[in-house]
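**Student:** Spelled out, the chains give:
Number of protein chains: 2
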Amino acid sequence: MTVAEHLFILKRGAAELIPEEEFTARIGEGKPFTVKVGFDPTAPDLHLGHTVLLHKMKHFQQLGHRVVFVIGDFTGMIGDPSGKSDIRKALTRDEVLANAATYKEQVFKVLDPKLTEIRFNSEWLAPLTAEDMIRLAAKFTVARMLERDDFEKRYNDNKPIGIHEFFYPLMQGYDSVALNADVELGGTDQKFNLLVGRELMKASGLRPQMALTVPLLVGLDGVQKMSKSLNNYVGIYESSDEIFGKLMSISDSLMIEYYTLLSDKSVEAIDSLKSSMASGELNPMQAKKELAEEITARYHGQHSAREARERFEQIFSRHENPEDMIEFTYTRGEELLDIIVKLNFAPSRNEARRLGQQGGVTLNGEKALDLCLKPEGEQILKVGKRKFAKIKES
Amino acid sequence: MTVAEHLFILKRGAAELIPEEEFTARIGEGKPFTVKVGFDPTAPDLHLGHTVLLHKMKHFQQLGHRVVFVIGDFTGMIGDPSGKSDIRKALTRDEVLANAATYKEQVFKVLDPKLTEIRFNSEWLAPLTAEDMIRLAAKFTVARMLERDDFEKRYNDNKPIGIHEFFYPLMQGYDSVALNADVELGGTDQKFNLLVGRELMKASGLRPQMALTVPLLVGLDGVQKMSKSLNNYVGIYESSDEIFGKLMSISDSLMIEYYTLLSDKSVEAIDSLKSSMASGELNPMQAKKELAEEITARYHGQHSAREARERFEQIFSRHENPEDMIEFTYTRGEELLDIIVKLNFAPSRNEARRLGQQGGVTLNGEKALDLCLKPEGEQILKVGKRKFAKIKES
Numbered sequence: 001m002t003v004a005e006h007l008f009i010l011k012r013g014a015a016e017l018i019p020e021e022e023f024t025a026r027i028g029e030g031k032p033f034t035v036k037v038g039f040d041p042t043a044p045d046l047h048l049g050h051t052v053l054l055h056k057m058k059h060f061q062q063l064g065h066r067v068v069f070v071i072g073d074f075t076g077m078i079g080d081p082s083g084k085s086d087i088r089k090a091l092t093r094d095e096v097l098a099n100a101a102t103y104k105e106q107v108f109k110v111l112d113p114k115l116t117e118i119r120f121n122s123e124w125l126a127p128l129t130a131e132d133m134i135r136l137a138a139k140f141t142v143a144r145m146l147e148r149d150d151f152e153k154r155y156n157d158n159k160p161i162g163i164h165e166f167f168y169p170l171m172q173g174y175d176s177v178a179l180n181a182d183v184e185l186g187g188t189d190q191k192f193n194l195l196v197g198r199e200l201m202k203a204s205g206l207r208p209q210m211a212l213t214v215p216l217l218v219g220l221d222g223v224q225k226m227s228k229s230l231n232n233y234v235g236i237y238e239s240s241d242e243i244f245g246k247l248m249s250i251s252d253s254l255m256i257e258y259y260t261l262l263s264d265k266s267v268e269a270i271d272s273l274k275s276s277m278a279s280g281e282l283n284p285m286q287a288k289k290e291l292a293e294e295i296t297a298r299y300h301g302q303h304s305a306r307e308a309r310e311r312f313e314q315i316f317s318r319h320e321n322p323e324d325m326i327e328f329t330y331t332r333g334e335e336l337l338d339i340i341v342k343l344n345f346a347p348s349r350n351e352a353r354r355l356g357q358q359g360g361v362t363l364n365g366e367k368a369l370d371l372c373l374k375p376e377g378e379q380i381l382k383v384g385k386r387k388f389a390k391i392k393e394s
Numbered sequence: 001m002t003v004a005e006h007l008f009i010l011k012r013g014a015a016e017l018i019p020e021e022e023f024t025a026r027i028g029e030g031k032p033f034t035v036k037v038g039f040d041p042t043a044p045d046l047h048l049g050h051t052v053l054l055h056k057m058k059h060f061q062q063l064g065h066r067v068v069f070v071i072g073d074f075t076g077m078i079g080d081p082s083g084k085s086d087i088r089k090a091l092t093r094d095e096v097l098a099n100a101a102t103y104k105e106q107v108f109k110v111l112d113p114k115l116t117e118i119r120f121n122s123e124w125l126a127p128l129t130a131e132d133m134i135r136l137a138a139k140f141t142v143a144r145m146l147e148r149d150d151f152e153k154r155y156n157d158n159k160p161i162g163i164h165e166f167f168y169p170l171m172q173g174y175d176s177v178a179l180n181a182d183v184e185l186g187g188t189d190q191k192f193n194l195l196v197g198r199e200l201m202k203a204s205g206l207r208p209q210m211a212l213t214v215p216l217l218v219g220l221d222g223v224q225k226m227s228k229s230l231n232n233y234v235g236i237y238e239s240s241d242e243i244f245g246k247l248m249s250i251s252d253s254l255m256i257e258y259y260t261l262l263s264d265k266s267v268e269a270i271d272s273l274k275s276s277m278a279s280g281e282l283n284p285m286q287a288k289k290e291l292a293e294e295i296t297a298r299y300h301g302q303h304s305a306r307e308a309r310e311r312f313e314q315i316f317s318r319h320e321n322p323e324d325m326i327e328f329t330y331t332r333g334e335e336l337l338d339i340i341v342k343l344n345f346a347p348s349r350n351e352a353r354r355l356g357q358q359g360g361v362t363l364n365g366e367k368a369l370d371l372c373l374k375p376e377g378e379q380i381l382k383v384g385k386r387k388f389a390k391i392k393e394s
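Going down the list, the sequences are from chains A and B. Letter by letter, the first sequence follows residues 1 to 394 in my numbering. Letter by letter, the second sequence follows residues 1 to 394 in my numbering.
No wet-lab data here; the hints were simulated from the structure. Be aware that a few hints might be false.
Pairs involving identical chains hold if they fit within one copy or between any two copies, as the list cannot separate such chains.
As the list claims (entries may be wrong) - Derived DSS-like pairs: lysine-lysine, alpha-carbon spacing no greater than 30 angstroms straight-line: (1) Lys-84 x Lys-202; (2) Lys-191 x Lys-31; (3) Lys-84 x Lys-153; (4) Lys-89 x Lys-202; (5) Lys-265 x Lys-390; (6) Lys-228 x Lys-31; (7) Lys-202 x Lys-153; (8) Lys-367 x Lys-387; (9) Lys-228 x Lys-367; (10) Lys-159 x Lys-191; (11) Lys-342 x Lys-109; (12) Lys-228 x Lys-387; (13) Lys-153 x Lys-89; (14) Lys-159 x Lys-288; (15) Lys-58 x Lys-387; (16) Lys-390 x Lys-367; (17) Lys-374 x Lys-289; (18) Lys-342 x Lys-114; (19) Lys-191 x Lys-84; (20) Lys-374 x Lys-202; (21) Lys-153 x Lys-109.
Whole structure, please, built from the sequences with the hints as guidance.
**Tutor:** Right, here's the structure in full:
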């Protein structure tokens, strides 16, 4: 493989290679890179947004590089000693290990366990002494640290920044020193931290690591980054039907992005999909089903993905109601909002109302914008695109 | 002794008691305070400016409090790991111990060794782990640290502040936690650091220390603070003649300040001196000689101080040349500037020239503004107020 081909694979879907000419030169040296990727030991419920990085790690593995998955257990076990951060509650050693186990289980759906080295950064951070910490801190200035977007914003807004918070990027950077990393991967929001690692390695007399950033995956809405709190995500622990169905709801242009960032298809194969769609040879719906099936299969296996696809096609593509529709009996006077919530079709009355007002609730195929039950017999309630129930008064 | 009398002694010459009402209340509790004073392990050549603090420590000792002299060897042994500070060159353990020994020797001219506890802060700082350091750092915010005058100035001037520099006030504050201090003493320029100690004790669930600051001693020029670099100082290691003579050069108002800050005379005795001078009963020159003799005696003993006073009176008060004048023979063509330097009357030709141009060099009583030797026989060379030599051509 030529350097250009090698670089071409690494650049697939990448946001930035820092600095790109160094990547070219060092690929040319022909030695496998030590590739470091850091993960928090909290919240191990991954969604597709997290897997963008995993796919990039996989590209490095496929090219013969050594990928080290660093679990930041050290700061996780300290938590936020100022007590101000909910995210940084102190974890016990057992919690960290349990989270790490869940992590592995999820991560190895994408990565090959045999090729993935897992390290805990307490290995080299816990033994540091006060003197080591001072020497580490001396390698970076206050002004440089305050350039980090979130610090700068908080400082200018007069919101407190604990001095210990300056240590998190430094310790993450020290991970690179300890591993003598050649490359660090991270989301574009991690760029500052990746460069801290680069600078600390330089200051420690090591060959400074390069950095490769991947974009933050756009969520199902096609606008904001995928996140649990925005409810525009696909969790990799969700059912095949959920994963398949959610992926079928994305726009055609987002589909291409997802192909680039989440599919195992080659860039050439994706380009060929694109031209087939452009020429009208291929229906985008067809391409989307291929993508949804590939991703569903990754987390639930080929058989389950195929079944999800079939159920989806039965309901949506053929405009039929599903065979296994839920039946629900309500009592006179019960409100439609409450029925929707009881059926778990919406998390709250408010959310159910919002869906209804947007035309997302139908009764026997008619939009129930007013969210009122009609005094009829058995009706088909549909909420959103994929939730159906046969409801009737008792 | 009443609380008011106790407080009166502590307040002598003090700049600030923080907070004063707390001092009153805690003196009232009747328990001896643990009084912490921190010193740098570098540059043990003390001048009178440093002794203001020692005198305040002595007042506390005389009132029965426990005074702990903390030598900041921990940071001294680390130095400035960024390599940017000349002051913070790393010292070896042996250098720290040697400096501490010199310190003690000088300090015990003012303090009673039996009442003075000496501690090295490496005792409690060296065992701190990375985790301890993070917990320590979490107790203080970046914004609060940047309020410190010098940090603020450097930050606004875009001059680098190493993150490790934030640790020095924190570790100094941690000394107070480790000692469970009731009071910390320092110069007014240390106020911020003393308050860090107070805040850290509070954050650690301890009764927060109070702080007492002493003013920075004004130098011999009566304007700027005493410092070696401004050459307006009296080193306590200087000869009796130097100490006595330098002290005789201060203004009358500065004399009163020196009495307050450096003399063992009681406030009442000083007040009485003041009124005697105001009424014309006492010549200020007389009072100044008393002060100079007291201070000289502290560092060289009563006998030596008395002799210095007599020599001074012989030269200046009686306007006679000293009996034991140095004799110096120069060769034809030698410049006066070089002779002055050879005699150690000035540190350099430039300094000698400056003195001469200001009228500080006389030959047989006439100002040698042009710094030229006259083609005469033996001449009396006088440099400054107290340096005489008989010079002649060989």
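**Student:** When Cα atoms must be at most 30 angstroms apart, do Lys-228 and Lys-387 count as within-copy, between-copy, both, or neither?
**Tutor:** within (20 angstroms within a copy, 84 angstroms between copies)
**Student:** Could you place Lys-84 and Lys-153 in one of the four classes (within, between, both, neither) given a Cα distance threshold of 30 angstroms?
**Tutor:** both (17 angstroms within a copy, 29 angstroms between copies)
**Student:** Within a copy, between copies, both or neither: where do Lys-342 and Lys-109 come within 30 angstroms Cα-Cα?
**Tutor:** Cα proximity of Lys-342 and Lys-109: none, with 33 angstroms in one copy and 85 angstroms across.
**Student:** Should Lys-367 paired with Lys-387 be assigned to within, between, both, or neither, using CA atoms and 30 angstroms as the limit?
**Tutor:** Within one copy, since 14 angstroms is at most 30 angstroms while 108 angstroms is not.
**Student:** Could you figure out if Lys-265 and Lys-390 sit no more than 30 angstroms apart (CA to CA) within one copy, between two copies, both or neither?
**Tutor:** So Lys-265 and Lys-390 fail the 30 angstroms test inside a copy (40 angstroms) and across (100 angstroms) alike.
**Student:** Please work out whether the CA atoms of Lys-390 and Lys-367 approach to 30 angstroms or closer within one copy, between two copies, in both situations, or in neither?
**Tutor:** within (16 angstroms within a copy, 117 angstroms between copies)
**Student:** Within, between, both or neither: how does the pair Lys-202, Lys-153 come out at a Cα-Cα threshold of 30 angstroms?
**Tutor:** Both. Shortest intra-copy (28 angstroms) and inter-copy (29 angstroms) distances satisfy the 30 angstroms Cα cut-off.
**Student:** When no copy is specified for Lys-191 and Lys-31, does a C-alpha distance of 30 angstroms or less occur within a copy, between copies, both, or neither?
**Tutor:** Classified as within; 25 angstroms inside a copy, 56 angstroms across copies.
**Student:** At most 30 angstroms between C-alpha atoms: does Lys-228 with Lys-31 qualify within a copy, between copies, both, or neither?
**Tutor:** neither (39 angstroms within a copy, 58 angstroms between copies)
**Student:** With identical chains, the pair Lys-84 and Lys-202 could be close in the same copy or across copies; at 30 angstroms between alpha carbons, which is it: within, between, both, or neither?
**Tutor:** between (33 angstroms within a copy, 17 angstroms between copies)
**Student:** For Lys-374 vs Lys-289, is the C-alpha pair at or below 30 angstroms within one copy, between two copies, both, or neither?
**Tutor:** The answer is neither: 36 angstroms in one copy and 110 angstroms across copies each exceed 30 angstroms.
**Student:** Under a CA distance limit of 30 angstroms, which applies to Lys-159 and Lys-191: within one copy, between copies, both, or neither?
**Tutor:** both (23 angstroms within a copy, 24 angstroms between copies)
Hints 5, 6, 11, 14, 15, 17, 18, 20, 21 from the list above are not met by this structure, while the remaining hints are.
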